[in-house]
Amino acid sequence: MAGSTQTISEYIVHHLTNLAYGKLPEGFVREDGSVIGEGGAWVMAHGGEEATAMGFNAIHIDSMLWSVGLGIVFCWMFRSVAKKAEAGVPSGMVNVLEMVVEFVDNTVRDTFHGRNKMIAPLALTIFVWVFLMNLMDLIPVDLIPSLLGLVGVHFQKIVPSTDPNITMGMALGIFILMLYYSIKIKGFGFVKELTMNPFNHWLFIPVNLFMEVVGLLAKPFSLGLRLFGNMYAGEMIFILIAALFSAGVAWMLPAGLLQVAWSIFHILVIVLQAFIFMVLTIVYLSMAHEDH
Amino acid sequence: MPELIYVAAALMMGLGGLGAAIGVGLLGGKLIEGSARQPELAPKLQVTFFLGAGLVDAIPIIGVGIAMYLIFVVAG
Numbered sequence: 635m636a637g638s639t640q641t642i643s644e645y646i647v648h649h650l651t652n653l654a655y656g657k658l659p660e661g662f663v664r665e666d667g668s669v670i671g672e673g674g675a676w677v678m679a680h681g682g683e684e685a686t687a688m689g690f691n692a693i694h695i696d697s698m699l700w701s702v703g704l705g706i707v708f709c710w711m712f713r714s715v716a717k718k719a720e721a722g723v724p725s726g727m728v729n730v731l732e733m734v735v736e737f738v739d740n741t742v743r744d745t746f747h748g749r750n751k752m753i754a755p756l757a758l759t760i761f762v763w764v765f766l767m768n769l770m771d772l773i774p775v776d777l778i779p780s781l782l783g784l785v786g787v788h789f790q791k792i793v794p795s796t797d798p799n800i801t802m803g804m805a806l807g808i809f810i811l812m813l814y815y816s817i818k819i820k821g822f823g824f825v826k827e828l829t830m831n832p833f834n835h836w837l838f839i840p841v842n843l844f845m846e847v848v849g850l851l852a853k854p855f856s857l858g859l860r861l862f863g864n865m866y867a868g869e870m871i872f873i874l875i876a877a878l879f880s881a882g883v884a885w886m887l888p889a890g891l892l893q894v895a896w897s898i899f900h901i902l903v904i905v906l907q908a909f910i911f912m913v914l915t916i917v918y919l920s921m922a923h924e925d926h
Numbered sequence: 190m191p192e193l194i195y196v197a198a199a200l201m202m203g204l205g206g207l208g209a210a211i212g213v214g215l216l217g218g219k220l221i222e223g224s225a226r227q228p229e230l231a232p233k234l235q236v237t238f239f240l241g242a243g244l245v246d247a248i249p250i251i252g253v254g255i256a257m258y259l260i261f262v263v264a265g
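As you go down the protein sequences, you meet chains A and B in turn. FYI, the numbering for the first sequence is 635 to 926, going by the working numbering. FYI, the numbering for the second sequence is 190 to 265, going by the working numbering.
Mixed in with the good hints, there may be bad ones.
Stated by the list, open to error - Calculated cross-link-like contacts (lysine-lysine; reagent style DSBU-like; alpha-carbon spacing at most 30 Å):
1. Lys751/A x Lys826/A
2. Lys717/A x Lys751/A
3. Lys718/A x Lys751/A
4. Lys853/A x Lys818/A
5. Lys818/A x Lys751/A
6. Lys233/B x Lys751/A
7. Lys818/A x Lys219/B
8. Lys657/A x Lys751/A
9. Lys233/B x Lys853/A
Simulated from the structure, these hints should not be mistaken for lab results.
Just chain A, same shape as in the assembly:
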């Protein structure tokens, strides 16, 4: 959509805008001049300004649909392969998915020291799901947004992991699991861990509490932001290279080569980030299971 009427920064901002559905406040003047009536109204956002005005009462439809859709793809893929699995020599897709399952299983065995049947399936889900979400980054940036633009959907971000709402949501889910298992396994020991570490004296309880709570909150925060930051930066560079195509015919070949080169490098990044997200989840949950 790098039309001649768009500047580069407009092009980039357009690509970084989610398709949002939300509640506009009362008295808000929309793009076409209409004014929102009493009590606000639930509408599709036309552009970033309206999405900002919606504030908390908004949902990113594209992120939700793509991430849930990819989750269904993951379940369907593994189910269809699991039904085909037999004792003989595996081939094709069965082989690939067996390798993935075995890899995750080994990683969980190596890093998780507690006893919990839920960790391995959780790790597999996180790994494959995050990988699939990151994989959307390799689809050419303009392809799906411009196809959807033809049918009247003007904003589309197809990589759910470049939306902080998705990554922080996943991190929040893991944070809740961390708290749940800390309380379940350690009981009162969890409170003791928060208040009696690192200085084991009652006078230091406020200091300890502050340090431990900051440390505890930093875990899900950095987990979500790391994935978001990596994918966002990668997406940003894809968009910039795509913007090069508008610079003239002479730039087409270099831009194409750059796109390929960055895609190849990005394959490493997307797998690595999915792996890191999984390993850190296992490590954090393992820490929640350690009873002293």
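Go by the hints and put chain B onto chain A.
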């Protein structure tokens, strides 16, 4: 002073890259050292190396992303 945005972006990319380069350099050196001492541990060390490299790598890449945003969207 919109020119300062370019300086900010340069500092962001440069210092982020500097730190990460030193970190990954040390990491890779230690990996080679470790796998030279105990070659049978090499595959295991490699996994840990990639984990560490991924953690270190995140900061400069995020820096580059923010810098690009500053240059092309905020300043542009």
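Comparing the hints with the structure gives:
no., hint, result
1, Lys751/A x Lys826/A, "holds (26 Å)"
2, Lys717/A x Lys751/A, "holds (22 Å)"
3, Lys718/A x Lys751/A, "holds (24 Å)"
4, Lys853/A x Lys818/A, "holds (19 Å)"
5, Lys818/A x Lys751/A, "holds (15 Å)"
6, Lys233/B x Lys751/A, "holds (24 Å)"
7, Lys818/A x Lys219/B, "violated (39 Å)"
8, Lys657/A x Lys751/A, "violated (42 Å)"
9, Lys233/B x Lys853/A, "holds (25 Å)"
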